[in-house]
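**Q** These are the residues of each chain, in order.
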Amino acid sequence: MHQGIRAKSGLTPQTRSRSPEHVWMCVLIEAAVMVKWTDKERSLVQAVWEKVDIDVVGPDALARVLIVYPWTERYFGRFGDIFTATAVLQNAGVAAHGRVVLTALDAAVRDMDNIRGTYAALSRLHYEQLQVDPENFALLADCITVAIACKLKSALDPQSQATWKKFLSAVVDAMSSQYN
Amino acid sequence: MMNEFQQADSAGPPGGAATLPHDVKSPCCVNSQGKGNTSIGNGLHVHYPTGKMTSLTAKDKDTVKAFWAKVAGKAEDIGTDALSRMLVVYPQTKTYFSHWKDLSPGSAPVRKHGITVMTGVADAVSKIDDLKGGLLNLSELHAFTLRVDPANFKILSHNILVVFAIMFPKDFTPEVHVAMDKFLAALARALSEKYR
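Those protein sequences? They're chains V and Z, same order as listed.
If you're matching positions, the first sequence starts at 1 in the working numbering and goes up one per residue.
If you're matching positions, the second sequence starts at 1001 in the working numbering and goes up one per residue.
Hints are not guaranteed to be accurate.
With a straight-line cut-off of 27 Å between C-alpha atoms, the simulated BS3-like cross-links for lysine-lysine are [stated by the list, open to error]:
1. Z:K1094 to Z:K1070
2. V:K165 to Z:K1154
3. V:K166 to V:K51
4. Z:K1094 to V:K153
5. Z:K1127 to Z:K1065
6. V:K165 to Z:K1074
7. V:K153 to Z:K1112
8. Z:K1170 to Z:K1065
9. V:K151 to Z:K1170
10. Z:K1074 to V:K153
11. V:K153 to Z:K1065
12. Z:K1127 to Z:K1070
13. Z:K1127 to Z:K1074
14. Z:K1154 to V:K151
15. Z:K1182 to V:K151
16. Z:K1112 to Z:K1065
17. V:K165 to V:K153
18. Z:K1127 to V:K153
19. Z:K1127 to Z:K1194
20. Z:K1154 to Z:K1059
21. V:K166 to Z:K1182
22. Z:K1112 to Z:K1070
23. Z:K1182 to V:K153
Derived CB-CB ranges, DEER-like [said to hold, decoys possible]:
24. Z:H1113 to V:A121: 42 to 50 Å
25. V:T103 to Z:S1192: 33 to 41 Å
26. Z:H1099 to V:A104: 40 to 48 Å
27. V:A104 to Z:T1145: 44 to 52 Å
28. V:A121 to Z:K1170: 32 to 40 Å
29. Z:D1149 to V:Q90: 19 to 27 Å
30. V:E128 to Z:A1108: 52 to 60 Å
31. Z:K1132 to V:Q90: 31 to 39 Å
To be clear about the criterion: a stretch of chain V counts as covered by chain Z if any three or more of its residues have a C-beta under 8 Å from a C-beta of chain Z, and this derived list gives those stretches [to be verified]:
32. 138-150
33. 167-177
I should point out that these hints are in silico values taken from the structure, not numbers from a laboratory.
Being a predicted model, the structure only gives us computed values, none of them experimental.
Backbone N, C-alpha and C define an ideal beta-carbon position, used for all residues, glycine too.
Can you make the complete structure from the sequences, with help from the hints?
**A** Encoded structure:
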């Protein structure tokens, strides 16, 4: 699948520029956008994540996206009936996909210094194949936060919420990065 | 059970986006018998939401009032926690409170202002049938005296919702979530009324 996307975009290792200037520009750009984490922030993100049950939070977060922002239904015709709250909450496709999305977040938690790299291919997929408006990534991030708040309750103290928001903002930025 | 979409019988979109085109035999449409759908040919149709979706429906208002009745007793804690989180998670909001001695979570000025904010929210619940008219004075206050950028209403709303989720996880279902989100957005629109 990834080879198909790269072939479609015309970029292959053979054709992409390898000039020293090009390489140096990529390094500068990555250094500029790379998010910096203190040790405290790293441990806060881990502490939040280890309390997250993907099987509960994933389905809850995606269900909330579809219910709270109903226009997002436009991307999920394959799930069948998602046009009422009841239908969304009973829909197996929604639940399964919620788990897929949260599982993808795990990759970023494991490698917080390479969030852009982790999501480059997924970003290009969402842009070129799925044609998802990147505004939706922010909506999903908000619903993930609410779903986590339901699960963690007061364990999500203000500092944890702030650090988690910083982390999700980096993920949203990475998911938007290949839209050009 | 009829959903909101099945009441639309006009061709145009009164409000909100249509679904992607799908087959008339899709499970979502089987019971609708073509009502509320707009055919686009080739055996495909789309659903358009009704105009009612763009403002608070009667069901939304009932949901808001019922949830508020459950949580009103904790309004002070909710306000304090929501404001505390806003100041920590969105530090740019601190620029409106440079006159406070202490901006830390749960501090005295934060608690006092949390009460002020939630009193306003309670007032809005009681005036839910006419937010624009009912909140004119508050709108003038925010527009001419406080001059808070309306983008911040969304930020505070988000933090209020997070606090609802934390304090009332069982009651803050997705249905309550959407009703409260719509209500706070309508509240924000009413507060923005006098800005320009």
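**Q** Return the numbers of the hints above that this structure violates; sort them in rising order.
**A** Numbers 1, 18, 29 and 33 - these are the hints that the structure violates, sorted from lowest upward.
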